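Listed in order, the protein sequences are those of chains S and E.
Here the first sequence is numbered in the working numbering, starting from 1 and rising by one per residue.
Here the second sequence is numbered in the working numbering, starting from 1001 and rising by one per residue.
Simulated from the structure, these hints should not be mistaken for lab results.
Incorrect hints may have been included.
[As the list claims (entries may be wrong)] Pairs of lysine-lysine, DSS-like flavour, derived with a Cα cap of 25 Å:
no., chain 1, residue 1, chain 2, residue 2
1, S, K236, E, K1325
2, E, K1013, S, K236
3, S, K249, E, K1339
4, S, K247, E, K1339
5, E, K1017, S, K31
6, S, K249, E, K1017
7, E, K1013, S, K31
8, S, K289, S, K31
9, S, K235, E, K1325
10, E, K1013, S, K235
11, E, K1339, S, K35
12, S, K35, E, K1017
13, S, K31, E, K1460
14, E, K1013, S, K35
15, E, K1094, E, K1489
16, S, K39, E, K1339
17, S, K247, E, K1017
18, E, K1017, S, K39
19, E, K1078, E, K1041
20, S, K44, E, K1339
No experiment lies behind these values; they were computed from the predicted model shown.
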Amino acid sequence: MPAVTAFLPDFRNTPQIDHVGVEERAARFTKRSIKTESKVEGLKLTLNMIDLTTLEGKDTDGKVKQLCYKAMHLHDAYPGLPTVAAICVYPSMVAVAKKALQGSNVKVAAVATAFPSGQSSRDVKLRDTKFAIDQGADEIDMVISRGKFLQGEYNFVFDEIAAIKEACGNARLKVILETGELVTYDNVRRASEIAMYAGADFIKTSTGKIQPAATMPVTLVMLEAIRDFYYRTGKKIAMKPAGGISKAKAALHYLVMVQETLGTDWLSNEWFRFGASSLANDVLMQLEKERTGVYQAANYFSID
Amino acid sequence: MAKSSKNIQPTLKFNIKYAPAPESVSAASINEQYNLFINGKFEKPLSKKYFDTINPATEKKIASVAEAGAADVDKAVKAARAAYNGHWGKMPAKERAKYIFRIARMIQERAREFAIIESLDGGKPIRESRDIDIPLAANHFFYYAGWADKLNYAFPNRNVSPLGVAGQIIPWNFPLLMAAWKIAPALACGNTVVLKPAETTPLTALKLAELIQDCDLPPGVVNIITGAGETGAALVNHPDIDKIAFTGSTEVGKIIQRATANTNKKLTLELGGKAANIIFEDAPIDQAVEGIINGIYFNQGHVCCAGSRLFVQESVYKEVLQKLKDRIATLIVGNPLDKNTDVGAINSKQQLQTIQKYIAIGKKEGAEMFESSCALPNKGFFCRPTLFTNVAQSSRIAQEEIFGPVLAIQTFRTDDEVIEKANNTPYGLSAGVWTNKGSRIFNITTRLRAGVVWANTYNKFDPVSPFGGYKESGFGREGGLHGLNAYVK
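Work out the full structure: start from the sequences and follow the hints.
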């Protein structure tokens, strides 16, 4: 699918961000009280939005197979749980994951484009992407060239995203901004616009390799960029905060933020994901607590 | 006149439901009947009259409260005078400070109870009474306790002394906070006090009286008497009062100023407002939208400094309006005690009727109305967050204080135009400016005739910062160093 708007956005229309104000607004979402039915509903939705992730140099076929099984069977002791949304791995593991997930709805996402630094040539990044696609990836998580972005070379960043989007074919493209390296909210907002106009299907906060990763204010800035893009073009873009969200309560706060910024239409794993490795077990623990009234020890939940 | 806004509708779909999370009323102890707090004791009113205070969210009676007649007022003023002439006026300042610190700490200890009663009696959301009203009230006592023994530094080269007995009349929109604004500086400067809370929201002031009793504050230093306008009039006209401090409507403020003219009574008035909240095209738009919401829908718009007139630069008008409407759709209106509630109950039936009257006027004037589509509870006094576009400067909804969740929106093109429009009002309490340009902030704020001007934020309060108005919004300042000035000679 070609990019809907193959031109660099007009930054005169890009609102400035007041960091005090945006942090205050983000804190407000955490004041919503979520209990009983709405909590259980939110927790199950959270599970269904997780991109279960393993991105280690030491990953093996065995580890990925295990994770794929977990993706489909989060906690069989609790009947009726959803699966996660996707498994997120390096390109070399895509084929293994694809095979392990056969017959399920769980997607396979591959990080590509010289993840996590993005420090390589356009040619290598394109071949990295094509390799992942050939292996069967349903989704590609690319990183932007932060160095170029910070130097003000927006056209370079834009063209790179557009080229990768083309290489993705039918796979959905997630564009990682690595907000921890962009530092300011104004940069995050601007990078979000570049990514969306260049054809991103998702915008994503972080690789998980840099601190700080996803925070609520950064995610809010990106959600507002998605909303403004929707106002202007009518096209929905999905959002994925990644890294640092490991508690069920935090995940619920993110859902509140999505619901109150973009509306209920965005509350499905087509439009919102959590990139996380340890979040699922905390959510499971909370669900069991709601069901049985008591907390169970961590060892009752499989680690992967 | 503004550009047409007919085609701008909320764009996003919101179907926000959270499980109810009401604060438990059982955490607050409320008596069935309250007497007058005079000379350190709760005394039955000589008038023998009581009135009911109701919960505006359910219209049910909470308690009956004594109505102070002229004889009761006299008794309270005499007690205050005796305390002033006796122990309190002569007490070393650092001893006075200890009592004020004690009040501050005990408000913190009982914060939850105060918050619940504030929301129960006044209708404001528990989130606000818990996070803003009560902590700020405690902060005011802390802040002025610190000043008590440092008045020589506050007024260098002057040897200041207290005024004597202060009569203080406070409104229903921030009951405990206004009591703190009034009592804390008065005590810090060595005055004694007779305070009258509003008739619709007397309970937190009476709980404060209980707290003051528990603090062992010497009898008569703080007296709290309840009643309506007549009680207030008796207090204002009492010959042995040295100082009147009033917060409330401009109408009543004028009456008080007439009554105290030709007397020795010192006077400070904090009255109404019709603040301009100004959004420039280079503003951080999303945070500005949040500021608009906070400016007008905070405390159901029952805020004298509410940003009730919105001026948006025409180049960003469509964008601001669209975002504003989508944001309004997410506001939760309902039970004030529910932690998820954003907009609580209108304080009284009378006030609801006033707001509805102005909404009808706005429609009749040809302005275009938009209100949130949220469901309202069947019982109680509630009003949806509302805004009007196509408002003219001459519209009554743009000129008169509504004191409710109703916003009047106009557009502007140049700095000069917006300053002229913003200042074209008999009021001058507050204003807001939203722009990313520092130079513009200084240019605009110095030309706005308003006591408090916020830049890139709205409705922020701090004990250190003085608060008060220009023109018909009153005179005198409360809070900060300036707040001490009203209680010394």
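Hint check results:
no., hint, result
1, K236(S) to K1325(E), "19 Å, holds"
2, K1013(E) to K236(S), "13 Å, holds"
3, K249(S) to K1339(E), "17 Å, holds"
4, K247(S) to K1339(E), "22 Å, holds"
5, K1017(E) to K31(S), "14 Å, holds"
6, K249(S) to K1017(E), "17 Å, holds"
7, K1013(E) to K31(S), "22 Å, holds"
8, K289(S) to K31(S), "22 Å, holds"
9, K235(S) to K1325(E), "20 Å, holds"
10, K1013(E) to K235(S), "15 Å, holds"
11, K1339(E) to K35(S), "12 Å, holds"
12, K35(S) to K1017(E), "11 Å, holds"
13, K31(S) to K1460(E), "19 Å, holds"
14, K1013(E) to K35(S), "23 Å, holds"
15, K1094(E) to K1489(E), "19 Å, holds"
16, K39(S) to K1339(E), "15 Å, holds"
17, K247(S) to K1017(E), "22 Å, holds"
18, K1017(E) to K39(S), "11 Å, holds"
19, K1078(E) to K1041(E), "14 Å, holds"
20, K44(S) to K1339(E), "23 Å, holds"
In this structure, every one of the numbered hints holds.
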